[in-house]
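Using the sequences plus the hints, can you model the full thing?
If you read the protein sequences in the order shown, they are chains B and X. Here the first sequence is numbered in UniProt numbering, starting from 1 and rising by one per residue. Here the second sequence is numbered in UniProt numbering, starting from 1 and rising by one per residue.
If you are wondering where the hints come from, they were derived from the structure by calculation, not from laboratory data. Errors might be hidden in some of the hints.
Stated by the list, open to error - Covered stretches of chain X, as calculated for chain B (at least 3 residues, CB under 8 Å):
| no. | stretch |
| --- | --- |
| 1 | 452-459 |
| 2 | 502-509 |
| 3 | 521-530 |
Yeah, the Cβ is synthetic: ideal placement off N, Cα and C, and Gly gets one too.
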Amino acid sequence: MPLQHQIDVGLRGGRVASRRDFLRNVGAAATAATAAGVLSWTDRVALAASDLRRRGKRCILLWMAGGPSQFETFNPKPGHENGGPTKAISTSVSGIQISENLPRLAKVMNELAVIRSMASKEGSHPRASFLMHHGYLPMGGVKFPTLGANVAHQIGDASSELPSFVRIGRGGQNPGNGGFLGVDYDPLILASADRPPENSRPTTDRARYERRLGLLKNLETSFGAVEGADVVADHKKLIEASSEMILSPRMEAFDLDREDQRTRDAYGEGQFASGCLLARRLLDFGVTFVEVTLNGWDTHNDNAARTAELCGQFDQPMAALISDLKQRGQLDDTLVIWMGEFGRTPRINGRAGRDHYPRAFNVAMAGCGVRGGQVIGQTSPGGEQVTDRPVSPKDLYQSIYTALGINPDHENMSLSGRPIRLVDEGAPVDELFG
Amino acid sequence: MPFCPPAPTLVLAALLVGVLPAAARTPAEKLAQQADRLLAEELGASPGELAPRCDDATFLRRAYLDIVGDIPSPEHVTAFLLDPAEDKRAELVRALLDQPQYGQNWSRYWRDVILYRRIEDRSVIVAAALVPQLAEMLNVGVGWDRIADKFITATGDIQENGATAIIAAQEGRTEEVAAEVSRVFLGIQIQCAQCHDHPWDSWQREQFHELAAYFPRVSLQQVRSPVRRSFEVAVTDREAPRRRQNDNRGSTEHFMPDMDDPQAEGTRMQPKFFLTSATTPLGTRDAERRATISEYITESPWFAKAMVNRMWAELVGEPFFETIDDIGPERAAKAPQTLEVLSQGFADSGYDVKWLMRAVMATDAYQRECRPRRTPDATPMTANVAQRLRGDQLYNALLTALGIEEELETNRGRGGRRQLNQRAQFNVAFGFDPSVDREGVSASIPQALAMMNTPRFNNAVRARRGTMLGELTTEIQDDGALVDELYLRCLSREPTAEERDAALAYRVSVDKRETAFEDLLWALVNSAEFAHRR
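Set out below in structure tokens:
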């Protein structure tokens with residue numbers, strides 16, 4: 001689409017361009033499109049606003065549901081009994097080795113920072129997944145918003161027709177939602193990246209659809225008056241958000257067929273590859289936070305073969321995503337996070353599997369000011385203990401918000417009027433940005 | 001799922017022994033009055049705070065959705081409104097509890113309670129047996145204690161014995177099964193003490209693992225058959241040569257892991273029930289072990305309280321405890337005596353779930369008008385609370401309102417990929433874990449889109465030959481009467497004067513009569529009121 005192309009060019013050339021230059025670029029593009037009858041005046045205003053926002057930071061979370069093994073990914077221990085059969089390979093950064101399962105990521109190691117010293121106490125899926133999605137443990141009475149919701153709330157574009165927070169695939173256990181921030185910050189969940197959201201095509205022509213919406217709005221009165229004012233208000237918001245989205249020309253954001261074949265090939269095949277490509281595409285259209293899930297990491301048995309297969313599913317797409325963002329000049333404003341709820345036990349169990357192990361695991365990050373080509377922290381030769389620079393989930397959350405330009409000390413009000421900080425403990429991992 | 005296999009008659013006959021009326025049974029309606037009195041005393045709500053009794057039309061739709069999970073037809077609405085009988089609400093509740101859809105509605109509810117917490121995705125196949133079998137037990141009136149016992153002691157193929165659901169959903173894992181059994185039947189979540197002592201409660205780590213020690217011999221195994229893919233709940237009573245870490249096969253005893261050394265064998269635990277400290281010797285066979293813990297659980301006062309708390313929350317809109325399934329001696333109830341009286345009555349009835357529903361639905365607390373969910377400092381339970389319909393209820397309501405049949409067949413999609421039938425698709429979009437706080441359940445864009453744009457529903461909204469609306473537009477020539485009819489069909493009530501005027505004004509603004517009424521029907525099924533039970 002030529003309009004998108006022009007904006008891309010404008011952005012790429014002008015990351016440090018002044019606001020006025022930027023507006024002029026967007027204006028020119030939008031005028032051209034309006035002349036061609038594609039966009040209305042309001043579309044144009046919305047476009048300008050959301051594209052201004054695009055210069056802000058964005059985030060892609062690659063969620064490895066089930067707890068990925070550190071030994072078969074970013075912290076191989078070849079030669080040690082605990083390391084299993086997995087070998088280590090050299091990367092584009094001398095002195096840093098990762099698992100042989102990740103040959104493509106090895107080539108972009110210069111963009112990646114790997115934390116090998118993540119340490120937590122939570123070894124059950126629901127609690128650990130909650131913790132790593134929220135930066136808090138579940139607590140009765142407080143509905144914590146999930147990471148994506150908080151990011152969308154802080155730096156998302158409220159005027160966009162697309163939701164600020166999209167989740168692709170089931171997010172494992174307890175991935176969370178808007179919590180006390182409300183339905184506006186719930187994720188739009190897509191079961192599959194290869195299909196547009198289900199039922200997103202109106203079944204009547206636009207004029208009639210809009211008339212129906214008007215009638216509906218008009219009728220939603222008596223129920224709301226006494227019995228469900230809260231319910232009706234939420235329902236209205238939802239109908240409006242949904243309608244705005246599907247009537248928007250930006251729905252093409254969900255259409256992967258509009259990506260050229262070369263790009264598609266670069267990301268590779270499979271649901272997760274499609275998810276990564278869609279994530280980048282959604283960011284282009286003003287979405288702020290995209291979570292892409294890769295399931296299946298709970299490798300209690302046959303760990304080596306299963307993790308090799310799972311690595312095959314994310315190695316190429318994640319590497320392509322980082323290169324793609326880099327090439328478009330977007331990596332400086334886009335934080336890519338790779339993580340799961342915990343790691344796996346150093347000792348290989350009787351079924352050639354690894355069990356839950358929160359005491360030493362890995363997180364990888366790229367972009368948004370994170371200095372690539374480094375490893376933070378280390379573990380004992382057998383991977384049982386963190387021996388240097390332990391990083392807690394709270395420290396990680398401090399770092400994520402800091403990278404995104406969000407104040408981790410920001411306080412939201414919970415429903416019961418209790419102030420809740422984005423993160424209540426810990427400190428950013430300075431080495432990430434040094 | 002909608003097909004009911006032949007009833008397991010023998011099993012049921014054996015269970016029916018427990019259905020005989022208990023001696024100390026209190027009439028449900030009498031108990032309801034007592035509960036209302038106590039509730040007023042305990043909560044001290046001023047008369048001004050209390051919401052008024054809801055009108056008959058609201059009660060009818062509420063009772064239909066709560067009991068049979070569907071909305072009434074316009075004929076039912078009219079008949080009920082015109083019925084002069086004083087006790088027509090109680091009679092309606094009795095009549096609905098006799099409908100087979102009662103069991104179906106609530107067995108789907110329990111399917112969700114159990115399967116939303118599954119850790120093994122492949123366990124969902126248990127639903128095909130669980131739903132009809134549990135429905136049958138609920139319809140016949142098997143006591144809740146008997147039903148719990150079936151779940152706790154279940155064995156066998158999960159596609160044949162639906163009561164294996166809890167064990168199957170937890171992949172037969174000792175600790176997870178123990179935690180779920182406690183959560184579902186006692187409402188007590190002791191599993192937080194699994195890794196460390198419970199932060200807010202006095203439950204100790206040992207106590208959790210002593211409970212788990214009732215379940216080590218259970219495991220979930222793949223059925224070894226070339227023609228059938230299934231799982232079975234298997235029992236290991238023979239000593240294995242060597243215990244292995246995290247082995248999914250059953251082991252004869254449970255070991256509490258050593259926190260500092262997860263590889264070590266851990267401490268062998270003797271089965272002990274945390275609420276009463278009753279113990280069972282090491283070496284006890286599985287059948288006896290589980291029969292024992294089942295007895296301990298179903299005889300505990302928390303067994304009745306957990307069920308009353310849950311049903312009260314579903315029906316009145318707010319549980320006695322903060323959370324529906326996090327109760328127990330460590331938690332404070334909002335109106336402890338009311339809960340006590342209801343729980344005692346439920347136990348005395350022989351844990352008759354129909355009795356419990358009749359009692360709750362006869363209370364003023366249930367029959368009040370709805371109000372938005374209260375703020376934390378407002379007096380609890382002064383009104384009923386509008387509840388979002390569960391996926392199954394909403395699907396049923398759509399079928400009834402639009403006058404269409406359920407689409408039962410499972411379509412083969414592109415490339416022969418198996419696709420979910422429509423009800424299942426609906427449940428994917430609209431389903432939620434019934435145990436979580438209703439406030440935390442958010443509506444979503446995919447839900448709104450499914451309601452607005454699903455092709456089949458949109459076809460059914462059209463006024464043409466063979467559709468409900470097509471017939472109505474031909475039959476009813478008067479516009480006002482047709483507006484009334486559509487309101488009755490969708491919202492089980494007549495429109496208010498303003499609503500009728502608004503609808504008629506819209507009718508005039510649109511050229512074609514059919515078009516106008518198609519739009520009205522579309523708007524009604526897409527309204528917040530349609531998607532809720534008030």
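Here's how the hints hold up against the structure:
With 5 residues having a beta carbon nearer than 8 Å to a beta carbon of chain B, the stretch 452-459 of chain X meets the requirement of three or more and the stated coverage holds. Coverage of the stretch 502-509 of chain X by chain B holds in this model, with 3 residues showing a Cβ closer than 8 Å to a Cβ of that chain against a need of three. For a cut-off of 8 Å, the count of residues in the stretch 521-530 of chain X with a CB near a CB of chain B stands at 7, and the three-residue condition holds.
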